[in-house]
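We have chain A already, so just place chain B with the ligands on it with the hints.
In case you want the letters, here they are:
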Amino acid sequence: MAKNNIHIEVNHVTRVEGHGNIVVDAKDGQIEKVQWQVPEAPRFFEAMVVGRDYSELAVITSRICGICSIGHTLASLKATEAALGIGISETTRSLRELLLHGETLQSHILHIGYLVVPDLLRVNSVFSLAETHKDLLLAVTKVHRLANELCDIIGGRTTHPIRARVGRFSKLPEKKELEELKSRLKDILPDLQKIAETIKALADNFPAFERETEYLSLTQAGEYAFYGGDCITNDIAETIPVNRYREIVNEYVVPQSTAKFGKFNRDSFMVGALARYNNNFRQLTSLSTQAAEMLGLKGISYNPFMNNIAQVVECVFAVEKSMEHIDRLLDMELALEADKIEVKAGSGVGAVEVPRGILFHEYEYDDRGVCIKANCVIPTNLNHNNIQLDFEKMAPEFMELGPDELRFYLEMLVRAYDPCISCSTH
Amino acid sequence: MSSKPKVAFFDFACCEGCQLQVANLEEEILVLAQMVDVVEFREVMTGAAPAYDIAFIEGSITRRADENRLKDIRNRSKLLVAYGQCAVSGGINKLKNRRPGMDEVKKEVYGDSAGMPHLDTYPTKAIDEIVAVDFYIPGCPVNREEFLWVVKELLLGKTPRLPNYPVCVNCKLQENACLFDFSIICLGPLARAGCGAVCPANGVACCACRGTVDNPNKNAMHEILLKYNYTVEEIKKKFDIFAVDPEVQSGKK
Ligand code: SF4
Ligand code: SF4
Ligand code: SF4
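Chains as they are written, first to last, in this note's numbering: chain A, 1 to 426; chain B, 1 to 253.
Just so you know, the hints here were simulated from the structure itself, not pulled from any lab data. Mixed in with the good hints, there may be bad ones.
Unchecked claim - Taking lysine to any residue and the SDA-like style, the derived pairs with C-alpha atoms no more than 20 Å apart in a straight line are:
id : chain 1 : residue 1 : chain 2 : residue 2
1  : B       : Lys218    : B       : Val169
2  : B       : Lys107    : A       : Ser125
3  : B       : Lys106    : A       : Gly51
4  : B       : Lys107    : A       : Pro39
5  : B       : Lys236    : A       : Glu56
6  : B       : Lys107    : A       : Asn250
7  : A       : Lys340    : B       : Ile185
8  : B       : Lys107    : A       : Glu251
9  : A       : Lys171    : B       : Ala205
10 : A       : Lys142    : B       : Val169
11 : B       : Lys6      : A       : Ser125
12 : B       : Lys71     : A       : Lys171
13 : A       : Lys171    : A       : Ala338
14 : A       : Lys340    : B       : Ser183
15 : A       : Lys263    : B       : Tyr110
16 : A       : Lys373    : B       : Asp103
17 : A       : Lys134    : B       : Glu26
18 : B       : Lys237    : A       : Glu177
19 : A       : Lys373    : B       : Asn97
20 : B       : Lys106    : A       : Tyr252
For reference, chain A alone in the conformation it holds in the complex:
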């Protein structure tokens, strides 16, 4: 076969969540087709929740995604609270933020340690690291385990949290548990340091590929945004409130994907750790800023592979912020709040930054508090288009490396986005 004719077909990329395919066709050195396809079976959550009581919405939509079930729960609760006009206490807010940082840490470390490092070392799975990189693996499992335990202690379960309810938490952690959690969080900072150093030593294996795009995330005054804030991109001068999210996401259906695509000011946008970092890096805490510098991330980056690095940075941030929230909670009188909700007709939007980017839930309720309409916009949806356009730039640039290397780097690019495909095709 002539070297300039290439046919690549990856039927279900491995080491990503959900099902995605890569197709490349080239003839005489010319790329004829390059495509990121999403054949995942949709589950139709927006239809499932119609007819259900407001109190069940988060229970159901949490099941959109196992890895970011906390993010879905929180976006769902915020949307319901916005629709029903319910406020939350300082305690509830702090517990929610703590829970969200726990999930970010859990998800990022799983992605970096189990899914990305094998690429950097060119091995097929994390299992082979048990022999070659035992220390690294132990550090990763230690951080991952603690992140899960945080979610357990605050949410009542590691996946699909139980205690986070509309307007309140149904059970509160003991102060003793919080104190112990804090000291263990402090304890894993050296482990994170070790992980960051290992990644740094391997970071040259990330290709020097760049494509500037629109970066979309939440932003707020005073703090690197995860739980609250308005929408921002590098292409707009003023923030847009989350309840106008439809103006931004502009979802549409394409034949190559069961997940919807989206775009705003350019042909595509990117969401996730790198988008958050690019928009808000000045608000990082001291240790996370140091981590970023150590890892060579200094200000805005147009290299999508740096999303992996931004995730490492956010792990450090999540640990620091979690300790801050624990301090705040320890200073509070922790008292269980009563479940007193008055239902009324209304609609509302909730948004949070989940590990893979900005997430929106929108619900409409009738006067009995029964859901009559729902819409969920998942971060991976918002990235699909950007992956496609990265492919289109990358394929010709990397073609001379030969089909095997091209295939390897395209897969590696997909993994850099940490896509949650079953979630995007919810």
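Just chain B with the ligands now, with coordinates in the frame of chain A:
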């Protein structure tokens, strides 16, 4: 080549939260990895194998193309285990079947594009509606300790027996305040234990994510319904969340 049992993990339509519970076993999964040969697990490794001693299936079936993939896996597996409620009963995914029809469902989500062929879907099916299942691990998500225990039992050639008593038993042992006394419908009296009654222990009603016990005590449930003034419909609607059929026969407001 190793003579260890060849184990593979597959997922269909679901949130993949159950395989995450496997990953959450952390070091224990490495212990497990020494007892078996994990030959296929797309989420965590690159690789494939022609046949399996045990295939673990997560998720439900929602379109014809996936039926063939599932049948093919069945043909190449000695033992097939459905793990997680999506696989066991169809789980949360069957809420879709409660809607008027698939056309409405598709319209609700994809609007004017609903007719595109790649968006085709049919009413959600559990794994055993397509192929024979040798063993079930219920829950949404599965309890990871229970998962590990089941795997060990299967590896020893035993038939693991799931707890066959209601969540209430577990809940009462923990001396939790009963949620019915706070006007909250709880499915604990019929639901299958094995989760440590984790929901009521955290102040939230059980919605039977692990299905019911083998012979649910309908009379007991009936008495509770009468005592607290709930209808069968209200209870059944709760059971719908995880696609459980409780067969509560009577009771009224
Ligand atoms: S049973 Fe629940 S946790 Fe498991 S895959 Fe299905 S929705 Fe996710
Ligand atoms: S709270 Fe639920 S599980 Fe607990 S005793 Fe009452 S009915 Fe049973
Ligand atoms: S208490 Fe009920 S809903 Fe909760 S995990 Fe147990 S069986 Fe599932």
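Take a quick look at whether Lys106(B) and Gly51(A) sit within 20 Å of each other, Cα to Cα. holds, 16 Å
Under the criterion that the straight-line Cα-Cα distance not exceed 20 Å, is the pair Lys237(B), Glu177(A) satisfied? Not OK: Lys237(B) and Glu177(A) at ~36 Å, beyond 20 Å, violated.
Lys134(A) and Glu26(B): Cα distance at most 20 Å? holds, 13 Å
Could you grab the alpha-carbon distance between Lys171(A) and Ala205(B) and see if it respects the 20 Å cut-off? holds, 13 Å
Could you grab the alpha-carbon distance between Lys373(A) and Asn97(B) and see if it respects the 20 Å cut-off? holds, 17 Å
Need the status of pair Lys6(B), Ser125(A): alpha-carbon distance at most 20 Å? holds, 16 Å
Keeping to a limit of 20 Å between CA atoms, is the pair of Lys71(B) and Lys171(A) held or broken? violated, 44 Å
Against the 20 Å threshold, does the CA-CA distance of Lys263(A) and Tyr110(B) hold or violate the hint? holds, 17 Å
Between Lys107(B) and Pro39(A), does the CA-CA distance stay at or below 20 Å? It holds: about 19 Å lies between the C-alpha atoms, which stays within 20 Å.
Would the hint linking Lys106(B) and Tyr252(A) be met if the CA-CA limit is 20 Å? holds, 14 Å
Hint check: Lys236(B) vs Glu56(A), CA-CA at most 20 Å. Holds or violated? With Cα atoms ~14 Å apart, Lys236(B) and Glu56(A) stay inside 20 Å; holds.
When you check the alpha-carbon spacing of Lys171(A) and Ala338(A), does it fall within 20 Å? holds, 11 Å
Hints 2, 10, 12 and 18, counting from the list given before, are not met by this structure.
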